[in-house]
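**Student:** For reference, the chains in residue letters:
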Amino acid sequence: MTDTASGVHSPADPDAAATLIHCRALSKHFNGEPAVKDLDLDIPPRCCFGLLGPNGAGKTTTLRMLLGQSPRSSGTLQLFGRDVDISRREIRQRTGIVPQADNLDPDFTVAENLRIYGLYFRLPPATLEQRIPQLLKMVELGHRSGDRINTLSGGMKRRLTLARALINDPDLLVLDEPTTGLDPQARHMMWSLVHRMKRGGKTIVLTTHYMEEAERLCDELVIIDHGKLLAQGSPVQLIQEHCEKEVLEIRDEIPDDLAEQQPPGGCRVERADDTLYVYGNDTEQLLALAGDLPQSTCLHRRSGLEDVFLRLTGRALRS
Amino acid sequence: MDWRLPTPRFEALIVWRRNVLVWRKLMGASVLMHFGEPLLYLLGLGYGLGFFIGEMAGMPYIAFLASGIIASSAMNTASFEAMWSVYTRMVPQQTYEAILATPAEVDDIVLGELLWCASKSLISGTAILGIAALLGATKDWSALFALPVVFLTGYCFAAPALIMTAVAKGYEFFNFYLTLVMTPMFILCGVFYPTTTLPAPMQAAVQFLPLTHAVAVIRPIVVGQPVTDLGLHLGVLVLFALAATWIAVVLIRRRLII
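Going line by line, the protein sequences match chains L and X.
Just so you know, our numbering puts the end of the first sequence at 326, numbered straight through with nothing missing.
Just so you know, our numbering puts the end of the second sequence at 268, numbered straight through with nothing missing.
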């Protein structure tokens, strides 16, 4: 690992130097209840990294620990090569956060929200006055700069929260469920903004429940549940590793032999309420199966990240 | 629990400034409240009761009452701001969650809020002092020296109120503090009559309440009489302020850093 010929300084922990976020055995428990267990992460710069998991999996807790907003119970955690406990304020100076719940300041207008927030980063007034119109234009809120927060729609609030997270021109952008509750138009706009941030060289860490979002945005992602890491890789890798290529969904009339989970050779069957999922790699085989079931409603499609997610975290409802 | 002493930093002034900017927007309603309620007390009780009382402790009753109300309104203004308003920013608005995503820390939030509560007391104290002067309750310009003490009094009451906020589950909880702590001080600590008229055990008891000491300093300065035991009174206020600030910081850290 140490390459003296290149003249590159070799730090004590080579993993930590190459990555923007580096943690080992990161754990957190609340009153003895584990929320995050032995999490190892290495997130390189300029990567869009996804944290996926059902409600209560430990995603938000992990994000809060990354920023020193929540003290970890054990493990090591470094951002920008610095320990979070020691350099919390320096780390936040270089980070922007879009929290899960909107916490814009209702006492201020759109532009004032950005201005006040910029003060906490000690940005000079000239920088702020230059940056605020640019950011508002980027999130298409330029025409609303003098309006109160409670006059904005949910999608506008989300975009303003993103603009606020960018006020300090951060190197790291943390998005906690950035599109939850947004309509498709607002969601697509959010996605294109995230793409733009990535092209601009920022590192992005996001949590989401939407597999389509993760597939579109993330270079790499982890699936966590009950605070433990279940799988890691690019969306394509995860689908290849954890799921057959294709799936046949069968509804209405479900044949008994399949319902008793006796699938045709090489296939795998999952049952959820009134739907049977037959996973397989052989297109002909799945189509033939569908042809044998004229009474049923059949849908044949390629497997996606959602299939991987449900396979790893189970189909049972979360509270 | 993180028992480290509070660390004062520049960011506390930004938290303070945020509140000043909000106050400026709603200044009209706020100023009306600062003037209105004490004006009612002074006109109603000062003239109404004053007609029968005449002089109290060697001064016209309106002067006695006005100087007491300046102290008690410092207590009220700071306590209400530190409970209802701070709770609103902390829980429903999640303003602190947003601030804690910046380089600012819990200590900055607590100290900024305390400074703001004291500032608001100063605003209300100044308003009442103005009215008192118009009603002839002050002797001369030296009454302005009461204002720094009003600021200290505001701070001294903001800090324990913030302790209540740190442990509150909802707004209803503040009614306990209002009824069990603030109202007794308002009635017993010399705002309406000299504490020397209380029975001896109660006289001793009210010495442990900070409002007694705030009144004991503010009244003579406002009406132009010599202040006795200035060091003792200020010392009690400062001691209360420092101890309660420490506890408030520790409890709010526990609440926000989870």
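It should be emphasised that the hints constitute simulated quantities derived from the structure, not laboratory data.
Glycine included, C-beta positions come from ideal geometry on N, C-alpha and C.
Honestly, I wouldn't trust all of these hints.
Stated by the list, open to error - If we take Cβ atoms under 10 angstroms as the criterion, some of the chain X residues that face chain L in the derived model are:
#1 ARG14
#2 LEU15
#3 PRO18
#4 ARG27
#5 LEU31
#6 VAL32
#7 LYS35
#8 ALA39
#9 SER40
#10 THR105
#11 ALA114
#12 GLU115
#13 ASP239
#14 HIS243
#15 ILE268
**Student:** Would you check whether PRO18 (chain X) satisfies its interface hint, that is, whether its CB is within less than 10 angstroms of any CB in chain L?
**Tutor:** Violated, because the Cβ-Cβ distance from PRO18 (chain X) to chain L comes to roughly 15 angstroms (cut-off 10 angstroms).
**Student:** Do the numbers back the hint for VAL32 (chain X), that is, is its least Cβ distance to chain L under 10 angstroms?
**Tutor:** Result: holds, 4 angstroms to nearest chain L Cβ.
**Student:** Does the nearest C-beta of chain L fall within a distance shorter than 10 angstroms of the C-beta of GLU115 (chain X)?
**Tutor:** Since chain L brings a Cβ to about 7 angstroms from GLU115 (chain X), closer than 10 angstroms, the hint holds.
**Student:** ILE268 (chain X) was flagged as interface toward chain L. Is the shortest Cβ-Cβ separation under 10 angstroms?
**Tutor:** holds, 6 angstroms
**Student:** Could you check if THR105 (chain X) really has its C-beta closer than 10 angstroms to a C-beta on chain L?
**Tutor:** holds, 6 angstroms
**Student:** If you take the shortest Cβ to Cβ gap from ALA114 (chain X) to chain L, is it below 10 angstroms?
**Tutor:** Interface hint status for ALA114 (chain X): holds (5 angstroms vs cutoff 10 angstroms).
**Student:** Would the hint on SER40 (chain X) stand, with a C-beta cut-off of 10 angstroms toward chain L?
**Tutor:** Where the cut-off is 10 angstroms and the nearest Cβ of chain L is about 13 angstroms from SER40 (chain X), the hint is violated.
**Student:** Under the criterion of a CB-CB separation shorter than 10 angstroms, is ALA39 (chain X) in contact with chain L as hinted?
**Tutor:** violated, 13 angstroms
**Student:** With a cut-off of 10 angstroms on the beta carbons, see whether HIS243 (chain X) makes it to chain L.
**Tutor:** violated, 36 angstroms
**Student:** For the hint on ARG14 (chain X), does the least C-beta distance to chain L fall short of 10 angstroms?
**Tutor:** violated, 13 angstroms
**Student:** May I ask you to test the interface hint for LEU15 (chain X) with respect to chain L, counting a Cβ-Cβ separation under 10 angstroms as satisfied?
**Tutor:** violated, 18 angstroms
**Student:** Interface hint check: ASP239 (chain X), Cβ to nearest Cβ on chain L, cutoff 10 angstroms. Holds or violated?
**Tutor:** violated, 42 angstroms
Going down the numbered hints, you'll see the structure goes against 1, 2, 3, 8, 9, 13, 14, while the others check out.
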